[in-house]
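Those protein sequences? They're chains S and C, same order as listed. Residue numbers 197 to 399, in my numbering, belong to the letters of the first sequence in order. Residue numbers 4 to 160, in my numbering, belong to the letters of the second sequence in order.
Honestly, I wouldn't trust all of these hints.
What the hints assert, rightly or not - Simulated pairs of lysine-lysine, DSS-like, Cα-Cα distance not exceeding 27 Å:
| no. | chain 1 | residue 1 | chain 2 | residue 2 |
| --- | --- | --- | --- | --- |
| 1 | S | K330 | S | K367 |
| 2 | S | K367 | C | K41 |
| 3 | S | K367 | C | K46 |
| 4 | S | K330 | C | K41 |
In short, the hints are calculated from the structure, not lab data.
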Amino acid sequence: MRNQMKPTYYIFTLLALAACGAPTTITAESSPTLATHSLSISHHQSTPIEYAQVDSILASMNAVLSAQDENHDISCNVGFTQLCTPSSFNFGTGIINSAEYFQFLLQGINGEVKVVNMINYCGGFGNFLGCAPKPGNAMVVVRTSNRLEGVLWAHEFGHNQGLSHNSSSSKALMNPRIGRSTRTVDLQECDHFSNNNDSSEDS
Amino acid sequence: MKTLGLLLATLCFCCVTSADTLPVTTFVQQLFPHGVPKADAAKYNSSDTTTLLALLADPRQQTFHSNILETLGYIGDETTVSPIVAYIQDDQGVISAEQFRAKSSGLLALGYILNRNPSSSALNYLTDSLDRHIWQARNISWTTAFSPTSPAGIYNW
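Chain C extracted, bound-state conformation (with noise of 0.2 Å):
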């Protein structure tokens, strides 16, 4: 009786949740000119992952991949941090801004699992990451059409 009691009140805060909460898909599905906002995105969880990478292997997403991965980051779910990499490292020539955009939105998201998440893997990524050397050894065959015209550097910014 007690544990039928637990469930129907796990149940009635579920229900209380998804009324005040848009389905993950229209929520990602929005533009957000300042950024998708973290409030909002903090109140998905775990049981939205197989829907937001169902969303992310979509190309016809593509508008909307930044929103889904740094959702996906406020989420903070560890085993999103392998797909997130493997979205950030996979596909090859000369991706779109958008594209390269999404792939930035990446890296956040792997440092929001890390902040919600602190032993994540994506420490070790992120860590990683610092390295230029390391970038190479990951031989990632995508390019993007920006050319910087100075060398990097000569600007601090």
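Only chain S is shown next, with the shape it has when bound in the complex (with noise of 0.2 Å):
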């Protein structure tokens, strides 16, 4: 069955090179990667974000999993990837004032992450930096000036894979404030991380 599924996934992922141009790899430098994400970004056209910035911040997520920061800390060699080139939307203004507007962009727009202008809604009304469900595909972010949105991104990515808030370290990089030593995970949020259908094991 597996063999026949192949042929199948080799033109699918012909047809995804041939769109996006050949992805770029980024992996933990420190130990083999354990487990691959890849991500596809939108974002709203008076948003930008360039294809360097994105690696940028996938380097930043996989350094923030895998440095081992505290004793307590895993070093979780997981690895985010970038398919292809940012692509953007111009549906709405970008800025999320509402649930309809906000499943629209989880659902209705291609990617795994969409940077956003603002968003005053998420599943209630406040300032948020950054919005997805638990568990969940995609997340939508907005961008920051502060060199941590290494650490929002895996922040949110978390959720999507399942993780809740965990206040029990000030460290702990699902604590529901970040900054930059809010970068630590223990065993069982590792595994979270790692697992995903479309995730390769390193060989």
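Dock chain one against chain two, each of which comes alone in its own frame, and use the hints as you go.
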């Protein structure tokens, strides 16, 4: 059965590559990558994000997860790759003020990461930097200028992977407050980050 | 003697409160992916507004202006309505997405103040703001790079 599926898979992959160009793979430097997640990025046309910027954010995500920052921190070797050049969309304003627009962006726009101007609604009203269903297949994020986008994206990706907030440690990646030092994951969280149907075991 | 006892009790309460709460500057200089936690922000009070307004006036703190404004809102001090309104309206030219987000938080903050302070002057500002002509009359001279490609109202969101 698996062999019968292969041609379809290869054709799909070739089509994806033709559409996107060759993907860039970013892996942890310290040890073999156990699982790789391929992400597509869409952005509202008024909030541009370039391929190189996404590369940098994904590298930061890899670094956050793979580094062992504390004794109880797991070196979680999960790799993130950029499937193709970020695409833009122009539906709405890129400002999320309602559940309807949020759901539309999650389900109606391609990509696992949607970059928007502003998130004023995420199950309630407020000023949000990111919002992701738990579990889910996509997240919305805003651009931030503080070099913490890798932490933000990794945090939201954790929600997509089924993780809740973790307030047991101020340095937990899944702590509701993020910063330069919120980078630690435990074994159970690492399992969630690794778990993906699209993930590939390192050979 | 009774007054002294009351004073000591008050001081003791303040000590307990401050021990449980981060300094307000540290608090607002965090990043909250899902918004400022209301319960934590509400622990601060009017004695923190001077510090917060100083941070709000500092462009180097731009990243945290949104947190500062929301925290001011949760504190609910009437005296902060005017500086918050000034923050929303002031600025020239094209502002960044971060600045725009902060100004939007300013509007939310006025709502939070109103929630804690039903007689607040924030009510007039917010109800006036429902009229688009009022916005024109306010002569706001900043714009954003956000350019909706669809005419307003096409989408109900």
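Report the numbers of all earlier hints that the structure fails to satisfy, in ascending order.
Per hint list: zero violations.
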